[in-house]
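Asker: If you're matching them up, the sequences are chains A and B in order.
So for the first sequence, my numbering puts the first residue at 1; every next one is plus one.
So for the second sequence, my numbering puts the first residue at 1; every next one is plus one.
Hints listed in this document are in silico derivations from the structure and should not be mistaken for laboratory results.
Any given hint could turn out to be false.
[To be verified] Cβ-to-Cβ under 10 angstroms is the rule here; a few derived chain A residues that face chain B:
(1) S17
(2) P18
(3) G95
(4) P192
(5) L268
(6) L394
(7) G429
(8) A513
Note that CB positions come from ideal geometry on N, CA and C, so glycine has one too.
Residues per chain, in single letters:
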Amino acid sequence: MILDRLARAFDDRLRLSPVVRKALAKVFPDHWSFMLGEIALYSFVALVLTGVYLTFFFDPSSADRAYHGSYPPLDGTTTSAAYASTVRLSWDVRGGLLIRQTHHWAALIFVAAIVVHLIRIFFTGAYRRPRELNWLVGVTMLTLALANGFTGYSMPDDLVSGIGLRIIVSVAESIPVVGAWLVFIALGGEFPSDEMIPRLFVTHVLLVPAVLVALISAHLAMIVRQKHSQFPGPGRTEHNVVGSRLYPSYSLRSLALFAWVLAVLFALGGLVQINPVWLYGPFAPAQATAPVQPDWYVLWGDGALRLFPPWEIRIAGHLVPAPFFPGVVLGGVTFLALYAWPFVERWCTGDRRPHHLLDRPRDHPVRTGIGVAVLTFFAMLVVAGGDDLIARLLRVPIYDVLDILRVLVLVLPLLTGTLAFLLARALRGSDAARLGELTRADLRAARRRSGTGRPALGRPGDEPELPARDRPGERVELWPDGDRWRWRYRDERAGVALLSNLEVRTEQEAADAARLAYPGVDHVVVPGPPPPSHRRARIALRRWGNAAMGIALLVAALRNRRKRDDVGPEDEPSPR
Amino acid sequence: MRRRPPVPDGPPGVTRRIALSFLASAAGAIGFAVTYGLGGQTQWEGICLAVAFAGLATGLAIWGRRLVPTGGYVEEHEGFTPPPDEQASTADVLTAPDSPLRRRGLLATLGLALTALGAAALFPLRSLLPWDRTAPVRALTETPWRPGVRLVNADGRPLRPDDVPAGAVVGVFPEGDIEAGDAPAFAVRLRPERFTRPPSAGHLDGLVVYSLLCTHAGCPVRLYLNGTGRMLCPCHQSSFNLFADAAPVAGPAARPLPGLPIEVGADGYLRATGDFTSPPGAGFWDRP
C-alpha cells in the first residue's frame, strides 16, 4: 500500500509510468554468454563498495610511520605510512583483512570477466555495425581496468609491488625521446619518489574510477538504445530481440547473479589468502625476492619482457633499450589492434550492413582462426611469465625453458590458429552441430576448399528477409486484451510462439510493432489469447506419467507380495 | 482502481525453497554480525557473508526461473538508419541561416581560442615535476656515489676490505644515502686469475663492486650463483658474468652491470673514487 502511494506520488510529479513501463518490458536474450559483462559490472560495484571502506584506513603517504599492532614480526618497525597502514588494516582493523582480500579478488575477477566478455564479443562478431562505438568504449574500459589494477597493486608500498612498479617505470623510461620526462612528471622525480604513492592513490580512487563510471554508463546506455544482439534461431530476425523481459524474470536473474558474484568474492576474500604484504616486507630499493609474479592480468607483459631477446638499438647516439619492444610496442600494438579490429574487418570483408544476429565462431573461420592464434600467443606469454616456476617445478634449467618458450610463443599460435580455422570451416561446411560430430571427410573437405565453397559470411541471417509466402507456417496473431492490444509470432513448423513484450493501446500500434519485428509475415486478428498449449500438454503428460508410475509401483508391490507369499505366509508385506 | 487478480500458487514446493534460501541468507548475515561482534575472524566472516549472498542468489535464481514467465518474448527493433527526411530536417535546424554553425570565420577564431586554452592548460602539468628537482637525464645518469664516499652496509656501518669474504655478496650503499633508488651496489671478492675480462672499474685484489640494478628493467640482481661468478636477476632471469666485467650472458639484459671504482681510504675503509662507470639500471633514450 505504502509502495503503491509512493509510486503514485512520484508518477504524479515526474510522469514516469510510460518510461518505466517500456523499460520494464525490455527484452534480454536468454543465452548465458550475455551475462559475462554483468559479472564485470557487479565486480566493479563490489570494488567500489569494498574500496571506499578501505580508503578509511589506508594512509597514502611515503612518510615514515611506526607500526604498533598485533603482527609481531613488524611490531615497532618504522616503514612508510602506506605499508604500515596496510599491515594495520590487515591485522588490527576488525573485518579489514576480509574487505582488503575481497577487494583484491574482485579486481582479478573484474579484469577476467572483461577479458572473457571481450572474447565472446569478438568470436560472435557482436562489434559489427552498429556496435563499433561500444566496442571502442569496452576496449577503453579494459585499459582502464588494467591501469587501476596496477595502481591499486602498487599502493601498499610492499616489496613485490615496488619491484613491479620499478619494472613498469623502466618500461616507460624506454620510450624514445620522452620516456624519462614522462616518468619524472608522473612520479615527481626519480623512482622511488615521495610523491609516488599519493599520486597512485588519487589515480586509483578518483581519476580512473570516475572515467570508468562514465564509460560504464555510456556502455549500458548504448546497449539500451541499440538493444541486444542475439544468436540466430527460430523467430529471431535482424529486426527483433527474443528473450525474457527485464521485469520480472531478467531482473530477478540479474540480481541473483549479483548475489552470486558477491558470494564468490567474499568466499575467496575470507578463505583464500591474497597479497600478504606483511610477508613480503616493505619496499627497499636493494631488496628482491624470487620467484616473483605480478597479478595475472599483467603477467603477459612480464612474460613478454622475459622472452624478448636482448636487442637494443642505437639511433644517432640514442638508446632504444630492450624493454621498449616487448613492453611499449607489444602493449601499444595489442590495444591499437583491438581498437582497429571492427574497422579492419569491415574493410577486409566489405560488409557495411548492420548486424543484430550474431555469428557463431564457425560462420567466420578467418576471424576465428585469428582470434584463437592471438589468444594462444597471449596465453603463451602468460605461461612465460611463470618460466622460473616451470623450471623449478620440472627441474629443468631456466634458460632451456626460456628457449623452448621463445619457439613455442611464435609457433604454437600458428598451429592453433590454423587448426581453429580448419575446424571452423569443416563445421560450417558440414551438418555437424558440435565438434564431436565432425567426420574425417568434413575435415578433408575443409582443407581442400579454398574459399570457393560458401561465401565467408553466408548465413541465413545475412540474406534478405524472405516474404512469408515462402515460409509457410509463420504468422503474427493480434488480439484485444481488455482495452489493450497484444500480438504474438507463431511458427508452427519450428514450434515457436513468441509474445510481444508490450501491451499497446491500438490495433494499429500492435500491427506496426509486429511488422517491424517480422517484416513480410501475415497478420491475423484472433479473438483472444490462444491457450498455452504446450504447458497444458506438459501438465497432462506429467499426470499420465504419475498415474503410470503409480500403476507400476502397485504391480511391483503385488508381484513382490506374491513372491513373499511363496516363501512364507507369515511374512507380512510392509503396508504401502 | 483496477482489481488485481490473486497471486498464483506456482509449482509445489518452490515458494518454500525460495523462502528457505532467504532464511539461510539471513542466518549468514546474522552469523557475520555475531562473528564480528565476538572479535572478528576473517575466515568465518568470509564464510558467513558468502552464505548470506549465496542464499540470496539461490532464492532469487529459483524465483526468476520457476515463479515468473521466462523466455518467449519478442521486442521489435526499429533499426538505426533514420528516414532521410528525418535526417534532413535535423540538418536543416543545425544549418539554419542564423545557426552559429554557419559563421565559419567566427568558428575558426573560436576554435583557435579553445585550442590555445587547451594547450595552455597543459602547462601547469609541468609542475608535477617540481622545478627545483634535477632534470630527468641528469638524475638518471648521476648517483650519490662521489669520490671519497665511503661504502656502508644496509645498517649504515662502513666496510673494510676484510668485511667482504670470498664467496659472499655484500650489499653496499653510499654513506648517508642508503635509501637512494639508483645507488645500491654489491661487493664481491673473486679470484683475479679467473677474470676473463678485466673489470672496467678496476679491482682491489679481486674485490669488485657493481651496481645492483639490472640493466634490463632495474630489478635488484640479488641471486648469486656461487662459484660460477654469475649474478641472476629474479624478475626476468637476466644473468651477468662477474668474471667478464659483469657482461650479460643470458636472459633479456643487453648491457653489463656498471662497475664502481673503489679504493681503501687512509682510515682503512672502502671508498668510491667516482660514480658508476655508466648510468645504473634500465636504459633510456639519452643514456650516454
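Asker: If a hint holds in the structure, say so; if it does not, say that too.
Answerer: Outcome of the hint check:
1. The beta carbon of S17/A comes no nearer than 13 angstroms to any beta carbon in chain B, farther than 10 angstroms, and the hint placing it at the interface is violated.
2. A least Cβ separation of about 16 angstroms between P18/A and chain B goes past the 10 angstroms threshold, and the interface hint is therefore violated.
3. Given hint, G95/A at the interface with chain B, holds; its Cβ is 6 angstroms from that chain's nearest Cβ, closer than 10 angstroms.
4. Because the closest C-beta pair between P192/A and chain B is about 5 angstroms apart, less than 10 angstroms, the hint holds.
5. With 10 angstroms as the threshold, the beta carbon of L268/A comes within range of chain B, its nearest partner Cβ sitting at about 8 angstroms, so the hint holds.
6. At a threshold of 10 angstroms, the smallest CB-CB gap from L394/A to chain B is about 15 angstroms, leaving the interface hint violated.
7. Interface restraint check for G429/A: the shortest CB-CB distance to chain B comes to about 31 angstroms, outside 10 angstroms, so the restraint is violated.
8. Residue-level restraint check for A513/A holds (minimum Cβ-Cβ distance to chain B is 5 angstroms; threshold 10 angstroms).
In terms of the numbered hints stated before, the structure departs from hints 1, 2, 6 and 7, listed from lowest to highest.
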